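Asks: Each chain, letter by letter, is given below.
Protein chains: 2
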Amino acid sequence: MPELRKDPILGRWVIISTERAARPKDFKIQAPAPQRGTCPFCPGNESMTPPEILAYRPPGSPPDTPGWTLRVIPNKFPALRIEGNLDRSGIGVYDRMNGVGAHEVIIETPRHDLNLSQASESTIRDVLWSYRERLVDLKKDPRLRYTLIFKNHGEAAGASLEHSHSQIIALPIIPQTVALELYGCKNFFDYHDRCIFCDILEQELEQESRIIENRPATAAFTPYASRFPFEVWIMPRKHLCGYEDATALDLEDLARTFSAVLRRLEKVLGSHPYNLIMHTAAFDDRYPQTCDYYHWHFEIMPTLTRVAGFEWGTGFFINPVLPEEAARYLREVSL
Amino acid sequence: MPELRKDPILGRWVIISTERAARPKDFKIQAPAPQRGTCPFCPGNESMTPPEILAYRPPGSPPDTPGWTLRVIPNKFPALRIEGNLDRSGIGVYDRMNGVGAHEVIIETPRHDLNLSQASESTIRDVLWSYRERLVDLKKDPRLRYTLIFKNHGEAAGASLEHSHSQIIALPIIPQTVALELYGCKNFFDYHDRCIFCDILEQELEQESRIIENRPATAAFTPYASRFPFEVWIMPRKHLCGYEDATALDLEDLARTFSAVLRRLEKVLGSHPYNLIMHTAAFDDRYPQTCDYYHWHFEIMPTLTRVAGFEWGTGFFINPVLPEEAARYLREVSL
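Sequence order for the protein chains is A and B.
Counting along the first sequence from 1, when you hit position 243 you're at 243 in full-length UniProt numbering, and nothing is skipped either side.
Counting along the second sequence from 1, when you hit position 175 you're at 175 in full-length UniProt numbering, and nothing is skipped either side.
Careful: at least some of the hints might be erroneous.
If chains are identical, the list can't say which one is meant, so a pair holds when it fits in one copy or spans any two.
Here are the computed lysine-lysine pairs in the DSSO-like style, where the Cα-Cα straight-line distance is at most 27 Å [as the list claims (entries may be wrong)]:
#1 Lys6 / Lys238
#2 Lys6 / Lys186
#3 Lys267 / Lys140
#4 Lys267 / Lys186
#5 Lys238 / Lys76
Simulated from the structure, these hints should not be mistaken for lab results.
Being a predicted model, the structure only gives us computed values, none of them experimental.
Please construct the entire structure, taking both the sequences and the accompanying hints into account.
Replies: Written as structure tokens, this is what we have:
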């Protein structure tokens, strides 16, 4: 059973998950990628994964067989386990809890070599829709307080399988980065009576220098204090706290923005690894007015620089590219 | 001039430093290492670096010439610049400030291929002593509020030069990770009237399962909530808030602990990349009682796993190795 442990100084939780435990000498930075024929995410290999939770497939076609266009499965090596109680306890100054939670994989396409940047807008829309479906479902579990949807693309960004996929981890606690974000948003709202994300977006649309895409329902820009070169945020133009509040029309527009951003990044940077995360409102009733002050958004972080001692020691990032310059490159490229 | 920018939601600062600006296509994850003959850190190549700030060399030998055993120089490509005023300003919801600060390099040894894990205890002691000297000096600059000393070893850990070196970055603000640590320590002290690091150390020495080294003045252990496999913390056994308060005797003992920990890690993991950071008390008078509640320490983080979307989105870490198991491996290896 994985275990959650809390650092008593920073209040930061870690997941100690020894499922894939190895002897020290086995630690390899680079894991070999599985051959195409044995990719567990390819059609025909459905039996290599746990039974599907959700799939987009022709009406009447049986689960866990080919024919699907998108498939959601439990992670075979989960960082957290869905079974069991939270079982919280203290050990002297330390706190721990059972590693209860969900860890799922969204196989975004049956095609082994199709990257999201080359996928059609309708494929991307389906991926975005599956995020929403899983969020709505996971929200029903009273043990869970937060769900992070994320994607690691490329080995340097932490992807262990090449076949295009996203991941979902639902947690029994609000993670620190999200708590800090909620705190910052609430502070701003308490003083200004406005959502800080809405204010940021308004300023960005007025200044224009960091805008990359501007559509009826969504906009994309390089954030003013970008941590990473070519970091891009995508968010709804209207105030929406929870991703599950997005309508089919919103996601249609989002898919267009998404596709354009990924294609622009690829045109400018070439094939490159990246991490993508989605931040949405917490499930937790300890954040009662969250819908007043929170605003869901995506963050795309190309893996072009190395995170090293300085970043670990300070939480500071050194970014060698001006966000305005990155935005200009991304805007000026022709699609 | 580099620029400091603040994320208005998280209150997190970034350094936008375009000194080494490149066109997007130039971004390479792996920079080629310079050849030994042209290593700017090797004796004989002193003219390839800016003039030295400090050096341990025979009495009477002129600066910036061979003969030194340790050399501190300004970074040739600094993330921050020592000249100028802070020049703070706001742009709508955003805050910025000039990138004023110090960025120095400590060349730990004249030998190109000597790693700190193979260095003698006296070499390590000199490195630790140079940290102290630089801290005492940088503390005099009233514009600076915090100094981070860190080391990136190996390319995967972000080192761009092979020749063994540490780095120093002095900042005009307290970085977020340090502020959170100070806040956690102060909270604990306000309630318990004790230093949390002292309590942690007492519990670790009593439990023994995570202890690796235990000497008269210093101890080393794998922290209960280790973020990374084989993460190790080293700290003084007596309560000391600022690293510059360490005596020559303290650093003698620390050098022994340090050397043993690095050798143990290398025996267990083989040659491996790692990041090392040192956290000490802030210079800032906004933290008046910091010496009551803060406690300097080193954190060593082997680079064995990849940081990916989940970590960026949550601040959570997934660690596949039990800290007790890591400590056992490190303890049981024979030196």
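Asks: Compare the structure with each hint and give your call.
Replies: Hint by hint, here is what the structure shows:
When the C-alpha separation of lysine 6 and lysine 238 is checked against a cutoff of 27 Å, the pair qualifies only between copies, where the shortest distance is 24 Å, while the shortest distance within a copy is 36 Å. Within a single copy, lysine 6 and lysine 186 get their C-alpha atoms as close as 24 Å, and across copies as close as 17 Å, so both meet the 27 Å cut-off. In this assembly of identical chains, the alpha carbons of lysine 267 and lysine 140 never lie at most 27 Å apart, being 41 Å within a copy and 48 Å across copies at closest. Taking identical chains as interchangeable, the C-alpha atoms of lysine 267 and lysine 186 are never at most 27 Å apart, the minima being 38 Å within one chain and 49 Å between chains.
Taking the shortest Cα distances, lysine 238 and lysine 76 never come within 27 Å of each other, neither inside one copy (38 Å) nor across copies (46 Å).
Hint compliance for this structure: hints 3, 4, 5 are not met, and every other hint is.
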